[in-house]
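**Q** Starting from the known structure of chain C, fit chains P, F and B onto it as the hints suggest.
Chains as they are written, first to last, in the UniProt record's numbering: chain C, 1 to 419; chain P, 1 to 419; chain F, 1 to 419; chain B, 1 to 419.
No lab work stands behind these hints: they were computed from the structure.
Careful, some of the hints might be misleading.
[Said to hold, decoys possible] Some, not all, of what chain C presents toward chain F, calculated at C-beta under 7 angstroms:
(1) T249
(2) G253
(3) I336
[Unchecked claim] Calculated from the model, a selection of chain B residues having no Cβ within reach of chain C, i.e. all distances over 12 angstroms:
(4) M42
(5) N82
(6) D91
(7) G231
(8) E233
(9) G237
(10) H238
(11) M251
By construction, the Cβ of each residue, glycine as well, lies at the ideal position given by its N, Cα and C atoms.
There are 4 protein chains.
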Amino acid sequence: MTIDALRHWRRDLHRLPEAAWCEFRTSSLIAHRLNELGFTVMLGDALLASSLVMGRQIDVAAQKERALRQGANPDWLARIENLTGVMGLWDSGRPGPTLGFRFDIDAVEVDEDGGEQHQPNQEAWQSHNPGWMHACAHDGHTAIGLVLAERIMAQAEQLGGRIKLFFQPAEEGCRGGKALAAGGQLDDVDALLALHIGIHAASGELVLNPTEFLCSTKFDVEFMGESAHAGLEPNAGHNALAAACMATTAMLGIPRHRDGMTRINVGQLSGGSGRNVIPGQARLQGETRGASPALNDYVFGQVQRIVEGAALMQGVSYLIRKQGEAIGINNSPELIEELMPLADAMALNTVHTRRFGASEDAGFLIERVQRNGGQAAYLILGADLSAPHHHPAFNFDETVMAHGVGLLERFIQHRLAVS
Amino acid sequence: MTIDALRHWRRDLHRLPEAAWCEFRTSSLIAHRLNELGFTVMLGDALLASSLVMGRQIDVAAQKERALRQGANPDWLARIENLTGVMGLWDSGRPGPTLGFRFDIDAVEVDEDGGEQHQPNQEAWQSHNPGWMHACAHDGHTAIGLVLAERIMAQAEQLGGRIKLFFQPAEEGCRGGKALAAGGQLDDVDALLALHIGIHAASGELVLNPTEFLCSTKFDVEFMGESAHAGLEPNAGHNALAAACMATTAMLGIPRHRDGMTRINVGQLSGGSGRNVIPGQARLQGETRGASPALNDYVFGQVQRIVEGAALMQGVSYLIRKQGEAIGINNSPELIEELMPLADAMALNTVHTRRFGASEDAGFLIERVQRNGGQAAYLILGADLSAPHHHPAFNFDETVMAHGVGLLERFIQHRLAVS
Amino acid sequence: MTIDALRHWRRDLHRLPEAAWCEFRTSSLIAHRLNELGFTVMLGDALLASSLVMGRQIDVAAQKERALRQGANPDWLARIENLTGVMGLWDSGRPGPTLGFRFDIDAVEVDEDGGEQHQPNQEAWQSHNPGWMHACAHDGHTAIGLVLAERIMAQAEQLGGRIKLFFQPAEEGCRGGKALAAGGQLDDVDALLALHIGIHAASGELVLNPTEFLCSTKFDVEFMGESAHAGLEPNAGHNALAAACMATTAMLGIPRHRDGMTRINVGQLSGGSGRNVIPGQARLQGETRGASPALNDYVFGQVQRIVEGAALMQGVSYLIRKQGEAIGINNSPELIEELMPLADAMALNTVHTRRFGASEDAGFLIERVQRNGGQAAYLILGADLSAPHHHPAFNFDETVMAHGVGLLERFIQHRLAVS
Amino acid sequence: MTIDALRHWRRDLHRLPEAAWCEFRTSSLIAHRLNELGFTVMLGDALLASSLVMGRQIDVAAQKERALRQGANPDWLARIENLTGVMGLWDSGRPGPTLGFRFDIDAVEVDEDGGEQHQPNQEAWQSHNPGWMHACAHDGHTAIGLVLAERIMAQAEQLGGRIKLFFQPAEEGCRGGKALAAGGQLDDVDALLALHIGIHAASGELVLNPTEFLCSTKFDVEFMGESAHAGLEPNAGHNALAAACMATTAMLGIPRHRDGMTRINVGQLSGGSGRNVIPGQARLQGETRGASPALNDYVFGQVQRIVEGAALMQGVSYLIRKQGEAIGINNSPELIEELMPLADAMALNTVHTRRFGASEDAGFLIERVQRNGGQAAYLILGADLSAPHHHPAFNFDETVMAHGVGLLERFIQHRLAVS
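Only chain C is shown next, with the shape it has when bound in the complex:
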């Protein structure tokens, strides 16, 4: 039964959630399963453009050791050198388009609710990795992907074309999507679907055209100056903290934009060493937002200029590192049209347009496919929730996973069925 398999996978993943870029156990299990079913497995640099990986500072050896202890598949773990994430390719050998499906696999930094009311505790599948939790339903997304892989193989003889299942790492913080998009495996995809469980939609609802995805850039800045004794030779220092303070002040003053909502924040700053030492280094973490890519780019462009100028003022050097990025999403209208009757046939309650109001790095994948002439869409698979996303008591109605598999399967049949 599909729903049993879905529950099995979802709860296994829920029990052992893994942080962004640390999904070694998850990736090894996905790779093993896809391979077992007959998919060609792609990993690492073959899948992601490593130069665009963002927000990744991990101890690979320690994470792999942990993953192994927690039941990773040893063979596939060994083949995953550094970068997590998996793609499974199935090629019918027959003519036809290439379809892509994206499932994100990482967990969030949330300490799961320990109360008796919380279903995972009642049934003993709560998180065993303290501080981390699948509180954004990526466990469900992954389960959908794995069961869809089974369904594809079960009807392989009736299908033409090719199918690519993308299991994306590091969606949280919008850190992995850009590298996956740039990896190139999406370039021959004719139609891509991504979905998210929950998000302002109830069980039985399907939002075909979510809107108002916020564009955002997450960035770290490091200023590197020269320490000096503040009493004996203050002139010998190059004050990295002063640069950080002036940059922060100036960033807060980035002008509003005529065309709509923008945001700027410096959320963390630390610098200096001893009280009597001119600070030789300082770091800050910030983010920009905009109602459109152009608005976000406007703000981040000013951030870059301000950082450069502040560094120059103090005679220090600097590094700006993007730690995450999201762009807007505009579903392909033809795809929305195509999906509507499929959803209707499943008796799903389709909603055309609803505000998303958050960030999603699937935007990079969708834009890549569309730029290459393909179609792409991001769907909200409604689900009753026990608590909001990222909340310690988050849980979702597991039955909706079957809707997800069903919809994607029907889409595959619609596009790839051998007549």
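**A** Chains P, F and B only, in chain C's frame:
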């Protein structure tokens, strides 16, 4: 033999250095010894004005436990409730002046040199408290004080008046002197001597009038605002980090002073929590300096005004905490005159005036005695060094400790001898 | 003929435009005419709350002298002590409501076009006060008010209730409305109408419900510190320019607001005297804006806090002076309903809602009437223009003034006709 | 009589003082006189390196017109194209060294005292150029130079070598010295003398080795951005005023220097246009100082970096213009030795060393001569004063001018007398 006793004490203390305000083992041993010799022992609130204690954030229970493990005297440890430091009072019962002597007892945050060339390693009395070291000779000062106590008792019948031996905690960072001065035990002292081993003087030298003690104030500032989601409602925050940045920038701009050298530094700053949260709190550590108390006060006065103004600008509250303070020192000329022949008689090479160029919180003690009509002086007891003060390989020629005891003993005889 | 009278008045005023708060000639002529017709005239402190007068720094004696030279009525000029502006009250002595009408009378700082194409030049009624021009049609508004006064008297026997004609000074820069509203003469008004010629509407159009009036506060800040020789005693100064710079920087960083559009600008700043003198004074001019009064208040509230904080940081004093203020306008729906058939009867092309997109200090009058339970509305009387408002070549189709008189007259008849 | 000639010249110049770079009348009279006496006259680009001229923004035509009205020599005025300043060369045709003498000729921006007590008023030779006054004795210096020229010619047959008399423009604000030094006419000078009347020395005193000349750089900064409507499109601006404010704040924070006194001041700042316009331009005037050239360079180097960084932060361009510059002065010891007996012979009371404590751009001339292997000295010719330098009531004991001529004449005889 005096020198054996001095070495014994010095090396015992060297082996188990204790941080400022954590000198529980040291204090318990001093108290026990003074009591044993017949001194009246004073501790804690009876000795220090606790409201003026600076730069003290310690876990008393944990420190006492450690001290006990490391051989503290259990009885006296129990009597030391919170504040370290000890005074021993000897009263001859005969008329005569009251003399005071100050010895500082804390260690510094330095990781002792592990090399074979370093004498403590050769003889196995190197620091057993990692990260802490008697690298400023306070172990030697304390040893001098304890052996002086013996010498006083050995000639008690020939002396009149009274003697107070002050074993001061937390000289490093200039954190304890002000509280000790304000405690009141110096108010009846007619003459006070303090000494320091080393400091630009060689073995056999005695500097009678060191000059250019830097006035300084060490301070921490905390800004307390209101966090808010930087994307959803930026207007709801009160940005503590912005206040800290603006305060820092403005402090660096405190104008120079016509009358001489001033300094200002913000050595550390940290604030904020998540990247997407308006920072609700921020902290900074700074220091001011001046060639005179008036110059230091000028700078610190501006710091206070700037912090208040920056907090107001952002609608946040703030706390300024003094973490240390030092004022200038001007030795009483009569005392210098009195000491010169005593030093000559010991064949010490007396140096009248030499630049000190650092900070010392003995200044508060000296100023207190002088303000009450007494005389006071700070002396440099020359010693050949293996490395500069606060250096991991610091060590000093232990024989000079005997010069110290000798000089102080002669001064006592000169003032208190019953004719 | 109404249109001849309208043209006469309009061109006379156009020829001698007077700046905000300097409308001495204009006011004297209005007062004379209203009195002549039988209205009770109110002036000065009886009309305006002088403590709320904004943006007024004038030489009264010089302005009155000029007004006299330019044909002011000497008797009424003498009665206008300081504040310009006039109200005419007509009381039927019969029961009935009190109606109010507002006409603004000041000119703008624009140098009138000297070209032959410009109609006033062709007919020799162009501005004779260089640098000042009725380029916002207030000459037309005033003419409408004066001719309406005639029309009222012509049918006095058929009307009940009371009528108040408000000739408001200093609308430009939003400087006079607040003082007029607070003066109290609006408190018994049951229905108030204000109108503006032009503004995105063509001759023959009447906009009944203009929207998106911007709330705004215009402010000046002065910082008063202490000068000192920058070389000889930098410490003796209190740097007013530094305060202004820090305030400016911080104002630019006032956070965006969740609820909508806000703006902040420091448009001018000047401070200091000689190159080698610590600046003892500095001045800046700024403005805040918001899509709602609450949003504008949010920004201006932060401005005040920032100025206070910046002054404190530098030990200087400060003054914030409001130089203008505008709030939003929401026409009373019943009044719109009532006016629509009256306009239709005149064959005017009524437009229900159109974006205004600028600021108007009639908002204070309208809000005052509405708060006291009355109804009020601001109308756009369409007019073909030769150039945009405030342009040197501005002129308007004078025939629309007759529409204005006609509409207001019909409204009076509708409300006050004795049955 | 020498003293009558000195008085005549001094009072003529005093009556018609000319600002820096505007000394057209003065220069024409000097040139005429030198030529008349037989000197070869050099002017303009042949004398000054025009690319190093600082702080000069004048209307040449208007100034020449004024000079002509005030009695300039028309022939020589015509030959002075743009740059004021004159050098007279006398060549004996016999072997011998080249001697140089420097006299500064400009007045200061001071409104002369109109009181009866002020000697020039009593005798009707007070300033006729309102706002300008010879309040720094340059009228006296020039008179000394012109009478010295006579004295040289009177004994021409007894002298060998060559003599150059430099009449330097624009000493006030330290604007002309650097260009004169770089002009090259000093490069063959074997010994240069400059003198100043007054300056902490009484009539009859001669200070041979004044010290503590302050090094200083006077600079203007202009920021050029982009204006934009602050309400409609704040994002379109490039805020030059914001750049100026941040630069000012950062300049005030230039760290103190270990090696001695430094100063920084922004004495004037103005920027922006209308209240509702993002400021497109801003200007500031500042100065740096240092106890040594290295210290002044340290501060000015940071100024340049800060301005560049601040401009970059706001995306604006900038110009830094030096408006004046002074370096230190160290008199050649041999020259002091040589002058001492000459002064003694005149019964002058020689003072070896006295603090100057201000800036003098003769430093560039002196440094140029010394760098080329020559000797140079700056002397204080004591004079009783009626009020301090630059004071409206300034006047000096005119008899000391004769001491000046006498000393320089003796020096010439000592060096150039044909034996």
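**Q** Could you check the structure against the hints above and give me the numbers of any it violates, in ascending order?
**A** 3, 7, 8, 9, 10, 11
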